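Chemist: Use these hints to put chains B and C onto chain A, whose structure you have.
Chains as they are written, first to last, in numbering that gives the first Met the number 0: chain A, 0 to 339; chain B, 0 to 345; chain C, 0 to 572.
If you are wondering where the hints come from, they were derived from the structure by calculation, not from laboratory data.
Some clues are possibly wrong.
Stated by the list, open to error - Here chain C is said to cover these stretches of chain A; the calculated rule only asks that three of the stretch's residues, wherever they fall, bring their Cβ under 8 Å from a Cβ of chain C:
{"id": "1", "region": "35-43"}
{"id": "2", "region": "66-74"}
{"id": "3", "region": "77-84"}
{"id": "4", "region": "168-174"}
{"id": "5", "region": "206-212"}
Claimed, not checked - The calculated DSS-like cross-link candidates involving lysine-lysine, where the alpha carbons are at most 27 Å apart (straight line), are:
{"id": "6", "chain 1": "A", "residue 1": "149", "chain 2": "A", "residue 2": "196"}
{"id": "7", "chain 1": "B", "residue 1": "77", "chain 2": "C", "residue 2": "329"}
{"id": "8", "chain 1": "A", "residue 1": "141", "chain 2": "A", "residue 2": "247"}
{"id": "9", "chain 1": "A", "residue 1": "247", "chain 2": "A", "residue 2": "300"}
{"id": "10", "chain 1": "B", "residue 1": "77", "chain 2": "C", "residue 2": "321"}
{"id": "11", "chain 1": "A", "residue 1": "183", "chain 2": "A", "residue 2": "318"}
The structure presented is a predicted model; accordingly, all values stated were derived computationally and were not measured.
Cβ coordinates follow ideal geometry from the N, Cα and C atoms, glycine included.
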Amino acid sequence: MRTSSLAGVAPALSILAFSVIALSSPASAQVTDSITIYNAQHEGLTKEWAQAFTEETGIAVTIRQGSDLEIGNQIVQEGANSPADVFLTENSPAMALVDGKGLFEPVDKATLDQVPDGFKPGNGHWVGVAARSTVFAYDKRKLNESTLPKSMLDLARPEWKGRWTASPSGADFQAIVGALLQLKGEEATAAWLRGMKENATPIRGNSTAMKAVNAGQFEGALIYHYYYFGDQAKTGENSNNVLLHYFKNQDPGAFVSISGGGVLASSKHKEQAQAFLKWVTGKGGQKVLRDGTSYEYAIGKGEASNKALVPLAELQAPKVEPATLNNAKVTDMMTAAGLL
Amino acid sequence: MTLLQLTSLRKNYGSVAALDGVALSVPAGSRTAIVGPSGCGKTTLLRLVAGFDEPDGGTISFDGQVLADGTFQMPAHKRGIGIVAQDGCLFPHLTVSQNIGFGMEAGRAVKEARAAELMDMVGLDRAMLSRKPDQLSGGQQQRVALARALARKPRLMLLDEPFSALDTGLRAATRKAVTEVLTAAGITTLLVTHDQGEALAFADQVAVMRAGRFAQVGSPRDVYSRPVDATTATFLGEAIVLPATIGEGRADSPLGLLDVDDVAYRGRAAIMLRPEQISVTREGRGGVGEGAVGTIAEITFCGPTCDVRITLPDASSFRLDIPSREAFSAGDEIRIGVSGAAHVFR
Amino acid sequence: MSQESSHGVSAPRKDPIARKDLLALDLCGEHGDDGGGGLHFVHDATRVGSAMTSATDTMVSASPRHRLPTASSWTLMIAVLVAVLALMPLGFVLWATVVTGWETAIQLIFRGRVGDLLINTVLLILLTLPVCAALAVALAWATERTDIPGARFWSWMAVAPLTVPAFVHSYAWIGLWPGLNGLGAGVAVSVVAYFPFMYLPVSAAFRLLDPALEDQAASLGLAPFAVFRRVVLPQLRLALCGGALLIGLHLLAEYGLFAMIRFDTFTTAIIDQFQSTYNGVAAYMLALVLVLCCFVLLGLEAALRGRSRYARLGSGVARRAKVARLGAWKYPLLILPLVTAAFSLGIPALTLGRWLIAGGAGIWRMEEIGLALWQTLAICLVGGLTTTAAAVPIAWLSVRRPTRASRFLEGCYYLASSMPGVVVALALVTITVRAILPLYQTVATIVLAYVVMFLPRALVSLRASIAQVPVELEQAAASLGRSPGNALWSTTVRLAAPGAAAGVALSSLGIMNELTATQMLAPNGTRTLAMAFWALTSEIDYAGAAPYALLMVVFSMPLTWLLHHQSKKIAGR
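Pulled out of the complex, with its shape left as it was, chain A reads as follows (with noise of 0.2 Å):
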């Protein structure tokens, strides 16, 4: 008896040594001048604006990767003991939802001053670091100028099912939407949002619809601007049946969607969270706009877009207020209209 009641030790023993090495994590450590970005922008952008700056600077930038609603809802439901030091979106609801709950510190005024004014929200708790366009990206083998949609609202009529797809379960997709909220009211995004449930294939990933439309499975995808040019810079054999529609005309479709950067008041490297947001706005990131692979606008003061992009100026985007963007109605309808 008293070799098997000793011997019932041993498993105990494992169980202690499972919960130190259990218990000492490792990824949660930090060195001192480094950063954590959240970020929900292109990994691939990022992580050339981190080089950089790492580069430049020396601070050292840890990435979590995600999309932006969900690093949005997860720094709010993190609070005051986010992690996070910096936060990046691709579209602003997610900055307008952080922002909401109060959780950011305001930017610093030499950054704000870097971007012009519409590009950043009126409180200067957050600062546009990029820009992208709605465009309808179409077969070029089935859609002509003449057979176009003239309004994006055009694409919930009963004539456009089956023809089109977009991806409904991304940030970016519902950024749209929400622009379409802003302006056109509630009832009419909702009469919108069954069309679409009715009409439109739901697919997961931007790039993945303008595949699609690329291989004719659609006629057009309801997309931003960028995947075709990032496409046609590499191979282009997921673009070279497209061109871009841009709907102009102040129409919802021709929203223009300010990506977000914002400094966590959490933050206990507020000061290099700073730089790092100066740092993007600045000369050095909005380069990295102009001449990498990301295609997104750049919205620095005097900063130019790479030259192969229709210019900023030249699209009629509808005046939205990025501050208001109302992400979780947007979630709300889309899960009631059954695209979510």
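Modeler: Coordinates of chains B and C only, in the frame set by chain A:
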């Protein structure tokens, strides 16, 4: 009338000859036992008859029809030969009733009624019909296996050591029950066993098998008392084999002058006595008796009998079990009586 | 009658390994020491259910009353603690439902989208399982029971698809057919990705079947095909049920495979919700329905399997089965394994090869790949070790101190591990961020998720190897003057070490190819091969993703070999 006829049957496994020219004829309505040590090829023989394996040569014919002849092979399911395997081989996923009805081609009601009849026939309670095989004892499983084979009314039943997995006491009872059932049904039976007692008790024809051949085929009494050689003799039971000079129907042996069963033979030969032919009495009590005098060299008490080694005046010795009622001890002189004739190995 | 009753049924039950399941090596396993035959591949959900109702009294009776706790009751307590942790995700989903409130819950559950997902899920399972079963039985028969040329080789080829993560299968298919999508595609890719989970137990069952039964059936007048239908197939039922359950649970839990080919299931919908709202109520409710689907599968499997066990009756060793001579059919039958291998291995090889060549040297960004590889191996090792360590108490208890309590605990582990990774992750994210912040985004949390998901894999290996070490060895060592701890160390621990190593390896295999929970729980800065692969394919950089897929396949190979090897060992051949 011969029901099953085997002619120079051969079967090799690799370079080993499992069957090396076996011939046997099984009369209709008879019970034949094939007995031999394990590995002698008896199970192979049964599998060939059942159709589970193909012979390499020779023929098997059944009721005048060729079942296998080295080129042609009738599949097992068309032979209509029943088999009860060593462990019953019941289908574990079916109930007793489903097992019995397995090979019948009839409606469900008919099957169930027939299964119940068969349960009666093999002496099992009908209440067991709904049980699964693993809820039965070994003896019960064997009876169900028999009932299942009987359900198809086969003309020939093969029994492959069906009692060997059972405990000693149960074995005799199950064997008796099975014998009765098969006799009542008038089914020709071929039993394979390594238990010589079982073979002798069960069969009207016994085939003693050794290394892929039949050493001897005959009636139980015949093979027991007139074995062809000493190996066969000792395989079938205890035997005392002695050298002797034979002539005039008598043998001059270390046990004195004995009657022999072979009156024609003259010359030197080995003779065999079964232990039950021998009786021993204490020397000097009954005056001058008949038979040889010997000495008890060793004695071991085993309850009802004593295991003794007896040395004879010519210094040869043999082993014997004697009733233990007489309290012999080592060194006692004894007189050895022999009844009946000794068997001569020619 | 009583004296004989023990005889006829006891003999073949001696081997403690033989009755341990194979496919517990993945999600589930038979866990009771019910003395059954060698064909129990799946965990005993019925027992889980019945054990649950008696949970409280079991617990009480298991602990010694009015005595200081002994070491073995400490072990039990640890085992209970692990079980509580393992059941946390399930508890969380139920709690979240209660908190959500009836009205909101109804509104979020009974809506068209959930109905669509349910139809998708049911159709997916109803179409995939029969195809998998037919394929697995045909292949197992061909490789185990016929003289098909290269039977051993084809047997390996039937297991080899497991080296390719499910989402890499669909990556390979859309590499070949870019437009592939929807139910048909989902069924096709699922079949090639998961049929080995059925092939493994079915081929093992074929090896364990007593060929005498088939002979017997023939002597009872059944033609060969009827023998197969009436005798062989029914005996494969347990293996088929087990494999079907395992595949069903995988179908419910898989994300990457279906996301890539645009087929919506509950899991993909939960991820969509997660990416839109982090951990919103709608995601909880989808998780609830998903968990209910798992329960339905578990219940169906238990009902189909029934209480019966197909032990070999009687004594002695079964003869090896006769091999069917195919004759003229030999070469036509080769089409079956050839076509299977072409789809399940050829397509991944073709696509991967194509992208690797197209990508050239440029896709081998060694710094990133090296880091991902290092992180993956590290997390696999830590996860595998911890999972195995967490399985030690229950493995030890179930072998050395089998009680109703220990069986109940085992049931808990299996139940917990049948929860999809997305549910486990959703629960752990919410619990840690709201209640246990120090553990939030730590290795500890993701490792806990792995323990919950993969503990049965480690348990099966461990239990088998502990059972092989007779406790008498410990006692012998003690009688030779070793202290009790030393005795345990020098006997049981030493001898069970290979089993523990196998446990680590098999749980590591699961961790390496895990995507859903890893993505949601990974600590900041962590990027495993699977995550990197997924990120790149999401940006349709298929060439860039190829090196990661290749590495996952390469590292899965030895582990899959181990799985196959172990399944053969368990089957006794």
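Chemist: All hints are to be evaluated individually against the structure, with a verdict given for each.
Modeler: Comparing the hints with the structure gives:
Here's how the region 35-43 of chain A fares: 4 of its residues keep a CB closer than 8 Å to some CB of chain C, so the rule of at least three is met and the hint holds. Counting residues of the region 66-74 of chain A whose C-beta lies closer than 8 Å to any C-beta of chain C gives 7; at least three are required, and the coverage claim holds. Only residues whose beta carbon comes within less than 8 Å of a beta carbon in chain C count, and the region 77-84 of chain A has 3; three or more means the coverage holds. Proximity of the region 168-174 of chain A to chain C, defined as three or more residues with a beta carbon under 8 Å from a beta carbon of that chain, is established by the 4 residues found.
Beta-carbon proximity to chain C at under 8 Å applies to 4 residues in the region 206-212 of chain A; the threshold of 3 is reached and the given coverage holds. At most 27 Å may separate the alpha-carbon atoms for a hinted pair to count; residue 149 (chain A) and residue 196 (chain A) meet this at roughly 20 Å. Restraint check for residue 77 (chain B) and residue 329 (chain C): satisfied, since their Cα atoms lie roughly 25 Å apart, inside the 27 Å limit. Between residue 141 (chain A) and residue 247 (chain A), the direct Cα distance comes to roughly 21 Å. Compliance with the 27 Å bound is thereby established for this hinted pair.
Of the pairs offered as hints, the one joining residue 247 (chain A) and residue 300 (chain A) holds, with about 23 Å between alpha carbons and a cut-off of 27 Å not exceeded. Restraint check for residue 77 (chain B) and residue 321 (chain C): the C-alpha separation of about 19 Å stays at or below 27 Å, so the hint holds. With a CA separation close to 12 Å, the supplied pair residue 183 (chain A) and residue 318 (chain A) stays within the 27 Å bound.
Against the hints set out earlier in the document, no violation occurs for any number.
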